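Chain by chain, the residues:
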Amino acid sequence: MNKIYSKANILYIPVLLILALYVVYPFFDGIRIAFTNWNGFSQKFKYIGLANFARLLTDDSVRVAFVNTLIYGFGSTLLQQILGLFCALLLTGPYRGRTVVRTVIYLPVLFSAFVMGAMWYYVVQYNGALNDIVTLLGHAKVFWLSQHTVTVSLFVLINTFQYMGVSMVIYIAGIKAIPVTYLEAATVEGAGAWRRFGQIILPLLFPALLTSITINLIGGFKLFDLIMALTAGGPGYTTHSLATLIYATYFGGQQAGFSAAIGLLLFLTILFFTIVFNRIVRGQEVEFT
Amino acid sequence: MKRFLGFLAVVMLSTLVVATLSAQSKTLTFSVNWLPNDEISKTFQGMAAAYSSQNPGVKFEFSALGSQYEAIMKTKMAANDLPDVFTTHGWSVIRYSEYLTPLNEQPWFSKINPAIKPVITNKSGQVFVLPMDTEVACVVFNNDVLDKAKVDPFKIKTWDDFMAACEAVKKIGKIPVHIGGNPKDDWTVGNFYDWVAPSFLITNDKDNSREALVDGSFDWQKWGPVASLLVAFRDKGYLNPDYTQGTWEDVGKQMASGDVAFGFFGSYLIGEAKKYNPKGHYGFMPVPAASSSDSPTVITGERAAVGVWKDSQNKAETLKFLAFLARPENVNKVATVNANPTGLVGAGYQSKLGDLTPYYEKVAGVRGFPYFDRAYLPSGMWDSMCKTGTGLLANSMTLDQAVAKMKSDYLGLRNQ
Amino acid sequence: MMSPARNLSSTTWKAFFGLLIMAVQLLPIYITLTVALKGQTELSSVWAFPARPLWDNFVQAFVAGKVARAFLNTAVITVAATAAVVILGALAGYPLARARSRLNTLVNDFILAIMMIPALSLLVPLYVLMNRLHAISTFQGIIPIHVAFNFPLTVFLFTNFMRSLPRELDEAAFLDGCSVYSIFYRIMLPLLKPVTVTSIILTSVAVWNDFQFSVYFLQKSGMRVITLAINGFFGISGSNLHVGSAAALLSIIPVTVLFLFLQRYFVSGMVAGALK
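Chains as they are written, first to last, in our numbering: chain H, 1 to 289; chain A, 1 to 416; chain R, 1 to 276.
Since the hints were derived computationally from the structure, they do not count as laboratory data. Treat the numbers as computed from the prediction; the structure is a model and nothing was measured. Among these hints, one or two may not hold up.
[Stated by the list, open to error] Listed below are the simulated DSS-like cross-link pairs for lysine-lysine, each with C-alpha atoms no more than 25 Å apart in a straight line:
1) Lys220(R) x Lys176(H)
2) Lys157(A) x Lys171(A)
3) Lys333(A) x Lys362(A)
4) Lys310(A) x Lys44(H)
5) Lys310(A) x Lys193(R)
6) Lys310(A) x Lys320(A)
7) Lys26(A) x Lys220(R)
[To be verified] Stretches of chain H that chain A covers, calculated by requiring three or more beta carbons in the stretch to come under 8 Å of a beta carbon on chain A:
8) 65-79
9) 241-252
Heads up, the beta-carbon is just placed ideally off N, CA and C, and yes, glycines get one too.
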């Protein structure tokens, strides 16, 4: 039967062709640029070997951006799983107004990240909503966006809020897929709520966990629009992610080659952690027929 | 599958139709670096329309690309696909000249304002743009605030004098300098350095680094005093209290509301302030010198300068359009919108400077120098100034780190 | 977290958490709304709903931002790209779901890896390519780009979903004399509705909200999409954040409406498509 199905392989050729032309080809051309000292707009440039790659190890801004990227990725993902699971559990039990709450939680996922960032800016800017409350309570206004630790944490939170709907929906789907009989049997045998959760629901949610974490992790690592809308990576270089640094180095710093090297670094980082994570979780999976 | 093929057919058919329809007349692509609703964009768009009505068969595809202009133009240059005519916002020689047609042979060439000519001429004597106005950039001030603080701006000759003036403004409870400072608007900080650096490094005829910066032998320790002037202002309390979050909008608003004395911006700041408070009294003064052995200066540069792509398919027509733009009535209109002197001089060329006229007269004899980062730094270092500036302001960078970053970017970018 | 539903206080807690989270999600929208309804000279706090709402900002957003034209362009691009992604993605998912081979595993991983490439790194080479194809500022130029970058998620969803369909149906049809293609057409296609809806929602939202590609590839003013129209209000001079906010709120409406209509299918599509 397999051989017969294989005849249908030609059906994915259009996809591959489009990907080859619009993604693969530019990707390798981008790598080629990483070996040059091109400024991004002149017709002249020189090949400079591995200099840009060596610079990845020494440049301060890359180090800061790399650490930030990991924080944005892992931080957002962790919080999104916790909040997403919490909301999913909240909404799959009996809950009045379930559809409304679910929709409102998911709504920000539909907005463009740029628009979302612009909206949050009104909340966290120096003269914004949050500081209005702060002054009402008698404190001085807080510089939410110009202190490294505060700002990076704030980005993790805002990103979490915008996309926790994604993990919530995946977990809702996952919980709904658990056969009710399992849970009923457990209740009959005297298992309390926590044990039901820990021994049955959580293990059976592993496929959902895998999908949700993968999607959230990739999104968190690629964080761009939110940062551009709130700080553009500043002050200095302190809030850059690798993605925003790519942009700033290319268009602002006019160093296309170095920018391309950073791009490759980001891609490999995402690839690495996604594969590692998949391997870990696959080892723990529980099957049920 | 059928739906897709059908869609494809529709797309191909409509492209064919559009192509045949547009082949009948000439279309010139014209891009400017302002927002679509800015007065200056509308002025240029109007001139394009006027040209079209006088020259039937010539149409314009006008785009005001706003904040994305530079990024888009860089991408277009990389693909060697530029508009027929576009504005160069100060970078005609250093960035765009590779792609521009030299204009020395043009009929209006001899009329170029001598104040701006050196700024738009490259090492071989070629000029690549029609300068429609000449920017004379100084330190903008709110006259009412200075009157209240009993400060005479034209008595300020050095940074020490300036800081004394700031102290006086601070005493009456106003903000001496609004730097802007928000990392999203980090150009405001870069601007400050552009204004201030020449007084330390360029303007003193007897002791300057003009050649050292250009030939690469510059000692970057000399950047220290420039960078730390900003920090000094901050530590003495002369900056706006939200100096890491102030936006460009705030600068205009607070200059207009009489809360701010000085701004290190061109006269476009006055335009902004007038939006919020047209009845305010604003003026400008030359940039102070760093030592008493030197004198204050002004900055001259491009503001609205228009160039022609050297590989344009419609070059002859585009050059005709440029000659049309060079007519006195058009040059005057643009220069007046920007509140600047005209880029061409001679009979009929005069912009309406309104209440700024006495200020322009006051600085008429003052020495003018080009924008620091355009003339003395390799292309790309504007960004370094901005980033090290915001970093210093927010204390996320030390002075040594800032100097080191400027130096490494300088050496790296020189090699391009 | 998981409390027995009979307890009354737990219902209060549930309501509390629900309201709290909703409040956080709605906060930025509310603030943007107050900004959108104020004029440039109004200085009240962002929390305060204006006494006299300036609905004219929305009108201005529509007119000055040429939002109507932008909506049209965005709609055309979104519909076309989504159609292509869903159709080609579904077709691609079939062999990847059913035909197990080293080649197909490779193809599958390859398509998924595309998701990990930051679009920015491809921007300039892509622009050079688009220019050579004379595709800048054209529908036929931007649509394939959106199609390419939205393939991975859709192919992922369809592949997973079709894998979960029992092979017995296929085998029965095959014994009846169906070709491998008509198995897809007759057996699978009718069952694909939930995951198709999910794919439609996810793809059209991504294309509708795109800024990074549109800003470089749709430069002609007549070709602007809604994200560019909004961005046009945020700039150095001539910026009017209030009208810009109004424009941003206008842009949210279509995707919200679409989601509200289709959300029933959306969750069931996720059940089927996202989990193996």
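- prompt: Hints broken by the structure, by number, lowest first?
  reply: Of the numbered hints, 1, 5 and 8 do not hold.
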